[in-house]
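These protein sequence lines are chains X and Z, in that order.
Numbered according to this note's numbering, the first sequence terminates at residue 882, and the numbering increases by one at each position without gaps.
Numbered according to this note's numbering, the second sequence terminates at residue 882, and the numbering increases by one at each position without gaps.
To be clear, the hints were calculated from the coordinates, so they are not data collected in a lab.
Relax, there's no trap hidden among the hints.
Because identical chains cannot be distinguished in the list, a pair is counted as satisfied if it fits within a single copy or across any two copies.
Simulated crosslink set (DSBU-like; lysine-lysine; CA at most 35 angstroms straight-line):
no.: 1; residue 1: K807; residue 2: K709
no.: 2; residue 1: K705; residue 2: K723
no.: 3; residue 1: K679; residue 2: K705
no.: 4; residue 1: K790; residue 2: K723
no.: 5; residue 1: K790; residue 2: K807
no.: 6; residue 1: K709; residue 2: K723
no.: 7; residue 1: K755; residue 2: K723
no.: 8; residue 1: K709; residue 2: K679
no.: 9; residue 1: K679; residue 2: K755
Number of protein chains: 2
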Amino acid sequence: MKLYNFPFSGNCYKVRLLLNQLEIPFEKIDVKLFQQETQLPEFLAKNPSGKVPVLEIDSETFLSESSAILTYLARDTKFFPSDRLPQTEILKWLFFEQFSLAANLGRPRVWMKVMNQTEQMAPMIAYHQKLGNAALQVVEDHLTQHSFFVNENYTIADIAIYGYVHVADEAGYDMSQFPAIGAWCDRVRSQPNHITISEDKKPVS
Amino acid sequence: MKLYNFPFSGNCYKVRLLLNQLEIPFEKIDVKLFQQETQLPEFLAKNPSGKVPVLEIDSETFLSESSAILTYLARDTKFFPSDRLPQTEILKWLFFEQFSLAANLGRPRVWMKVMNQTEQMAPMIAYHQKLGNAALQVVEDHLTQHSFFVNENYTIADIAIYGYVHVADEAGYDMSQFPAIGAWCDRVRSQPNHITISEDKKPVS
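Just chain X, with the same shape it has in the complex (with noise of 0.2 angstroms):
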């Protein structure tokens, strides 16, 4: 397997820890996002929406959207239980991430980790931010009363709100006010193969 990363995309690091995890070896191959190159025809013959991360599993076929990514990388195993209720309950979590935290938290942090637009986009942050606490603090009443999202196991579920809200404070959150989200980071990262989003592990080819 091939994917198309981008290092500081959450979407991409939900992606590279699943495939630790499962032990899959994959070839990793950086794209240059802000330089366009997913613009470029020959990215967008592999995903036409111009978006990483793309997981190439053979030379003709490329899955894309990190969440379906992880559904289909998952399926079969602990991660991705195949009972008709706790997969609806962790799609739920994996909808509800991308609806509710993905672009709240990440386009904030592009904009002032990246670009350093915090003054410039201003409103735009703080109403992201808006949006993104009151997400954060569904997480947080959910996590007080649980050790991981669904069914008291480490799932997929976990790693898509890892991937965002991990490096919330990045997006100017203050995580201090959500100590249960703090307490479940712990306990994801002491999960078998966890690698932080700057870890690679040696893409195998």
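Model the placement of chain Z on the given structure of chain X, informed by the hints.
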């Protein structure tokens, strides 16, 4: 089953449409979203994120996130085939819809059509429309080549994307730019047991 529903919501419509096409009887319970009824303790006990739709499948089990509900209902039907690759492709479009379409079409639609805030929210509307138009172009390009989103069959990917896309004009989008989307909307409307966003089958309790 009971569906906690808000008639104007594209996300609620997706679930009503699939329930009708699966010929599953349900009791529809309209909630007063704009009067904050979804923020009351009795609703938050059903869905802590305070959003509709919520599907009550028994007195203790409440499903939320419209896309997750679609996967639950369509499991083992032609609307959500169980093979690994088509299922991943359908999920890809479901996540694409929630990340790249739902907020960008849904929020301007509320501000413009419900709240009468077209002028006041003009910068936010423009921000979402820029992102939304890029996502609609991805959809348009796909539908130029395909009758439906995955494997040329009508699935929950079509239902999910139709929910907000078919009312994108109400969010200020010029849909004459997207003729393949218009033709696909006609194909969606011609499916058996289709209902419009303002139609209800008689709820059966």
